[in-house]
Amino acid sequence: MEKRVTFNEKTLPYLLVLPQIVITIVFFFWPSWQAIYQSVLLEDAFGGNTRFVWLDNFAHIFQDPAYYRSVMVTAVFSLLVAGLGLAVSLLLAVMADRIVRGATAYRAFLVWPYAVAPAVAGVLWGFLFNPAVGIVAWTLRTVGYDFNYVLNGGQALALVVFAAVWSQISYNFLFFLAGLQSIPKSLIEAAAIDGAGPGRRFWTIIFPLLSPTGFFLLVVNVIYAFFGTFGVVDGLTKGGPARATEILVFKVYNDGFRGQDLGGSAAQSVILMAIVILLTVVQFRFIERRVHY
Amino acid sequence: MATVSMRGVRKSYGGALEVIQGIDMEITDGEFIVIVGPSGCGKSTLLRMVAGLEKITGGEIAIDGRVVNELEPKDRDIAMVFQNYALYPHMSVYDNMAYGLKIRGFTKSDIEKRVRHAARTLEIEPFLERKPRQLSGGQRQRVAMGRAIVREPKAFLFDEPLSNLDAKLRVQMRVEIKKLQRQLGVTSIYVTHDQVEAMTMGDRLIVMNKGVAEQIGSPIDVYARPASLFVAAFIGSPSMNFLEARIGSDGSLTLDGASLRPKTRIDPGRAVTIGIRPEHLSVGSGFDLQVELVELLGADTLVYGRLSDGKALVVRLPGNEVPRIGDRLPVKANEGAWHLFDSETGKRLGAA
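Chains as they are written, first to last, in the numbering used here: chain S, 959 to 1251; chain V, 50 to 401.
If you're looking for bench data, these hints aren't it; they were derived computationally from the structure.
Since the model is a prediction, treat every value here as computed from it, not as a measurement.
Derived pair list, reagent style DMTMM-like, types lysine to aspartate or glutamate, alpha-carbon separation capped at 25 Å:
no.: 1; chain 1: S; residue 1: K1143; chain 2: V; residue 2: D124
no.: 2; chain 1: V; residue 1: K151; chain 2: V; residue 2: D124
no.: 3; chain 1: V; residue 1: K151; chain 2: S; residue 2: E1147
no.: 4; chain 1: V; residue 1: K104; chain 2: S; residue 2: E1147
no.: 5; chain 1: V; residue 1: K360; chain 2: V; residue 2: E393
no.: 6; chain 1: V; residue 1: K180; chain 2: S; residue 2: E1147
no.: 7; chain 1: S; residue 1: K1143; chain 2: V; residue 2: D243
no.: 8; chain 1: S; residue 1: K1143; chain 2: V; residue 2: D215
no.: 9; chain 1: V; residue 1: K180; chain 2: S; residue 2: E1246
no.: 10; chain 1: V; residue 1: K104; chain 2: S; residue 2: D1055
no.: 11; chain 1: S; residue 1: K1143; chain 2: V; residue 2: E121
no.: 12; chain 1: V; residue 1: K360; chain 2: V; residue 2: E341
no.: 13; chain 1: V; residue 1: K203; chain 2: S; residue 2: E1147
no.: 14; chain 1: V; residue 1: K360; chain 2: V; residue 2: E344
no.: 15; chain 1: V; residue 1: K123; chain 2: S; residue 2: D1055
no.: 16; chain 1: V; residue 1: K162; chain 2: V; residue 2: E201
no.: 17; chain 1: S; residue 1: K1143; chain 2: V; residue 2: D144
no.: 18; chain 1: S; residue 1: K1143; chain 2: V; residue 2: E103
no.: 19; chain 1: S; residue 1: K1143; chain 2: V; residue 2: E119
no.: 20; chain 1: V; residue 1: K381; chain 2: V; residue 2: E293
Construct the complete structure from the given sequences, taking the supplied hints into account.
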């Protein structure tokens, strides 16, 4: 049934969508435009002198080995965050879905981490793993494993991935659980009668039916890994040690606000924007085809 | 093809609530059994216990002589048709039917042969490449049937398979399922709340109420000799008329001035409930019915009225007899149409 409201005058409908349009322009188009505009400028640190430099900023970036290193770090980091975040939350959702008694309590606990802001999560895990005072680091040391994310780049990356995944799991979990619960029970029963064991039921029935949820979460998680994890990195390692955890979005911030290279930073953020747009397009073009709606 | 035996089958959740309170039933090879009852009577639970989808709390179920209590659904060699069809929405009709065969390791050519054969039987060949959502309700129903028959299981289990269809299609599918079952000769258990389905499809019925099998018997048996008040009220439409009465000192019954003698001896002074089906009443001298409402069904006329003592009574008359509202209609009961039940226990006492 279609409900259609007819407006006699033109102003009211525009007025009604105005807030959304204003928000989009102010918080999306305008900053994006600013980034593109600044990426072709060279500015001194105090803003006294601004010069139009064509694409010099970009050329500079593509000649910088540190940038390629950051791209690699981002690739590894994003793959791990999105991959682990999806896999672990799916596992948790499948487990929680099978629980009958006390299901609400389990779910509530699993949703809690989402209430913790990424930056706080970063600080929190940083404290727990702190080589000097952290209880987890201390425990690891007593069993003979020297964990020092402040010095060891690999461990730092692992910790950042861990904290970022921890922050995102609840969100994924909620969606996966809702997805699981929307699959009619009789389908699973029919498959059981057809002779499929639990594993096969999961991979041939549940997983394909969960694919729309999974696809949505993949897109959201990739974007999260690229942008949303800034707070975690900032709270934990600030890109260190020796830039081992400097993902692209953090490098944009580092170079722009610490290095005061506004033009270069803007150029980086334009590239980052392009990468994420490209990735999203790729996901929609190639992965969405396998999704069963 | 197989026999199915239920011996003292019980089901309870958490000990306190017993939803199946001991069912005994021997189903012979190729028989079509209908479990019928109101919602919440435990009929679906009983079926799901046969399928292996619910644990059996007490007693045992045997399929083809083998106790299946501890067997997984897949090892019981049964097929089930669900109320919502439970077709895999991401698979084509062909894949839906082939799924169980693939898992059981049939060869590709064998699968192809069986699916094609089933599709031909059910007239769904043109839809084999379609997805379930592109099918109508009736076609989905056929696919669900197809998925059940390709495996050639020992027994078919149906869980209200027709209740999602419209009335016309339901009648059509009812006939088709029955024909198909005859043709394949596979033992079937069919759960429904629809008494018409139960009467028309079943070789035998189990009438269930609150986890108890009130009566097990052929449809005609259940109709003609209901074992309890519940069965009498549940089977037949419109429902049987019930009138309270007391056995007199001479062992006879007095009702609205008329007196009749039960065929079986009943202790004097016993409170009984008399049941008379509306179709077993006709115009003639007996009681006077004050007509309150008349429903014209074409073939029949249903007359709702009250006796002189205020008791409500429904009479089914031929379509050409149309009394007027407010009229006094003399009605009599046909020979042997009285069912007598114990008012306290609800059990059948006899006829009169």
